[in-house]
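Undergrad: Once you have looked at the hints, place chain R on chain U.
What follows is the residue order along each chain.
Number of protein chains: 2
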Amino acid sequence: MTEQRPASNPVTMREVAAAVGVSVATVSLVVNNKKDARIGADTRRRVMEAIRELGYRPNALAKNLVQGSSRFIGLVADAIATTPFAGQIISGAQDEAWKHGFVLLVANTEGNESAEREAISMMLEHKVLGILYSTWFHRAADIPAALRETNFVLVNCFSPDGDSRAVVPDEEQGGRTATGMLVDRGHRRIAFVNTTTAAPARDGRLKGYRAALEAAGIPFDPDLVLDAIPNQEGGYGCVPDILRQGATAVFCHNDRVAMGLYDGLRQHGLAIPDDIAVVGFDNQEVIAAHLRPPLSTVALPHYELGVAGVRLLLGLDRVEEHALVRIECPPVERDSAGVRR
Amino acid sequence: MTEQRPASNPVTMREVAAAVGVSVATVSLVVNNKKDARIGADTRRRVMEAIRELGYRPNALAKNLVQGSSRFIGLVADAIATTPFAGQIISGAQDEAWKHGFVLLVANTEGNESAEREAISMMLEHKVLGILYSTWFHRAADIPAALRETNFVLVNCFSPDGDSRAVVPDEEQGGRTATGMLVDRGHRRIAFVNTTTAAPARDGRLKGYRAALEAAGIPFDPDLVLDAIPNQEGGYGCVPDILRQGATAVFCHNDRVAMGLYDGLRQHGLAIPDDIAVVGFDNQEVIAAHLRPPLSTVALPHYELGVAGVRLLLGLDRVEEHALVRIECPPVERDSAGVRR
Chain U
1 MTEQRPASNP
11 VTMREVAAAV
21 GVSVATVSLV
31 VNNKKDARIG
41 ADTRRRVMEA
51 IRELGYRPNA
61 LAKNLVQGSS
71 RFIGLVADAI
81 ATTPFAGQII
91 SGAQDEAWKH
101 GFVLLVANTE
111 GNESAEREAI
121 SMMLEHKVLG
131 ILYSTWFHRA
141 ADIPAALRET
151 NFVLVNCFSP
161 DGDSRAVVPD
171 EEQGGRTATG
181 MLVDRGHRRI
191 AFVNTTTAAP
201 ARDGRLKGYR
211 AALEAAGIPF
221 DPDLVLDAIP
231 NQEGGYGCVP
241 DILRQGATAV
251 FCHNDRVAMG
261 LYDGLRQHGL
271 AIPDDIAVVG
281 FDNQEVIAAH
291 LRPPLSTVAL
301 PHYELGVAGV
311 RLLLGLDRVE
321 EHALVRIECP
331 PVERDSAGVR
341 R
Chain R
1 MTEQRPASNP
11 VTMREVAAAV
21 GVSVATVSLV
31 VNNKKDARIG
41 ADTRRRVMEA
51 IRELGYRPNA
61 LAKNLVQGSS
71 RFIGLVADAI
81 ATTPFAGQII
91 SGAQDEAWKH
101 GFVLLVANTE
111 GNESAEREAI
121 SMMLEHKVLG
131 ILYSTWFHRA
141 ADIPAALRET
151 NFVLVNCFSP
161 DGDSRAVVPD
171 EEQGGRTATG
181 MLVDRGHRRI
191 AFVNTTTAAP
201 ARDGRLKGYR
211 AALEAAGIPF
221 DPDLVLDAIP
231 NQEGGYGCVP
241 DILRQGATAV
251 FCHNDRVAMG
261 LYDGLRQHGL
271 AIPDDIAVVG
281 FDNQEVIAAH
291 LRPPLSTVAL
301 PHYELGVAGV
311 RLLLGLDRVE
321 EHALVRIECP
331 PVERDSAGVR
341 R
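Protein sequence lines, in the order shown, are assigned to chains U and R.
This note's numbering numbers the first residue of the first sequence as 1 and each following residue consecutively.
This note's numbering numbers the first residue of the second sequence as 1 and each following residue consecutively.
The shape of chain U in the complex, shown without the other chains (with noise of 0.2 Å):
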């Protein structure tokens, strides 16, 4: 290996061809991998050699003018910083990405407009195949104009009008699979701590939970539902009406909530899942495992979201033009829900 050269004095092609002995369009055309040009396959090995020895690299920018787009897919989020989700959805779409040959332009928001104008604007000038528009929790988004001038997907987030590709995680199917976790243990007096806040999290999820009383025959109890700030302190401050409702069971609208809950039902006295039994939604890294005891939930699929944003973007999935697909929430079985019967 030869000794590494600052990136302010490149390998130049011209150097690459003067060690061959061949000319700067021979170089070219094996760099660009024209497999129709009359070069011979001596040749060619005797160019990627010198390529590999000198550390030429390639200017990607170059090829990606003469080509009229990059491989670039852009991936607009709106709370990098402040949630452990965003980060899965990033992950999952860049997987996905290189995978076939892209590279992912992440830029974060923070829900800033004007910073979401200027980072839809700076990928449309690096000519991006397309743009993966995100959220932090799923809800209806406004669509940004600038979007439509190219190829978009919606990540978490859908448009109200229901003119948009999108990808969402199936909150109803959650909801359903929550329940049924505790329903399968033997529970008819199950509570659910909904959030205070309008969202489809909320309606899916309540839908889930209902769906799951019917088929097991448990009449739907609307004292069993109760709404609460989605955090922790929300779910210790449910925790008197749950017990003056004769819950034996409580699913809870997030991991957070469930944690809150714990606090509360340990403050009376009450063991999980012994006295009650309990089951999150979110599978939240750094709290769900750590509870004492672990805690039963049903995951939140940000790497599939990302994955299948991108699969929609470069067409390996298709879907009818406006669709709203939804990615399964999967059950995650600890020890908070008790013992199958």
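Hints in this document: simulated from the structure, not taken from any laboratory.
Since we're looking at a predicted model, the values are computed, not measured.
No false leads were mixed into what you were given.
Note: identical chains are not told apart, hence a pair may lie in one copy or across any two.
Taking lysine to aspartate or glutamate and the EDC-like style, the derived pairs with C-alpha atoms no more than 20 Å apart in a straight line are:
1) Lys99 x Glu125
2) Lys99 x Glu110
3) Lys99 x Glu113
4) Lys207 x Asp223
5) Lys207 x Asp221
6) Lys99 x Glu118
7) Lys99 x Glu116
TA: Just chain R now, with coordinates in the frame of chain U:
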């Protein structure tokens, strides 16, 4: 505003020229902002108006190619998906990059070496101005050879040979600050639950703990320093030892350890902070503010690490060639340390 066209058929410079009634060359000079070109103010204004009205987007790829370098800064991260910390480094780096007209190219490697090589290679081909190489926990890192082909700054990690610029959290000051919060409240027997993992955080925070005790004239008692796996289970398991040592306060290696400690202390019927005061480290979103009582802790400055990395890369902050820059870990006062006396 005119109707927007799909990306496959973008507005060209020729169309802008035709709309204004000038040459393509004139439009190009305006777009590329050649101030010294002899173009009248009126013509320049009319070209800019047409650009806006027609929705023409200059081709950043072409511009970058002409300049021989791009407006990209690369960021290689080893764990975007599995830790909430990486997002804050990305967010800080992106905000600072944008402020100076640069775009962040983010690559997530999840610690995979071949993904890392590929990511760096892609960045070099896109002629990045430089690369930030970051790890999700503060540690010594092997520097990939390809990194040395460009400018780079290590973020949250450092070269064991000390031959590279690096930005890391000031672990010692953090440990001193955390312990100081307990000393200030009159505690003399302060346990320190350190991590079992060899790392700068382990050595630095212990040094800080000892320095804070020494400054307060409290003799160091090695029996008060315990080692635990740095998560909830580790913290929970330490409780008997802590009680045996007669500690009245505990400084925890991180917030997850504090969360487990809370569970264990509660099982012994002990109240925080009245029976035992607790301080964490990290200020981890979704945990620290939402424990019962809310956790007093010290923040890891991830956002600031990202900002500082970009500033070094752009030469905005000047340091010695191989400097190790330490960023402050600020205190975050909540309720678990008790009231200051």
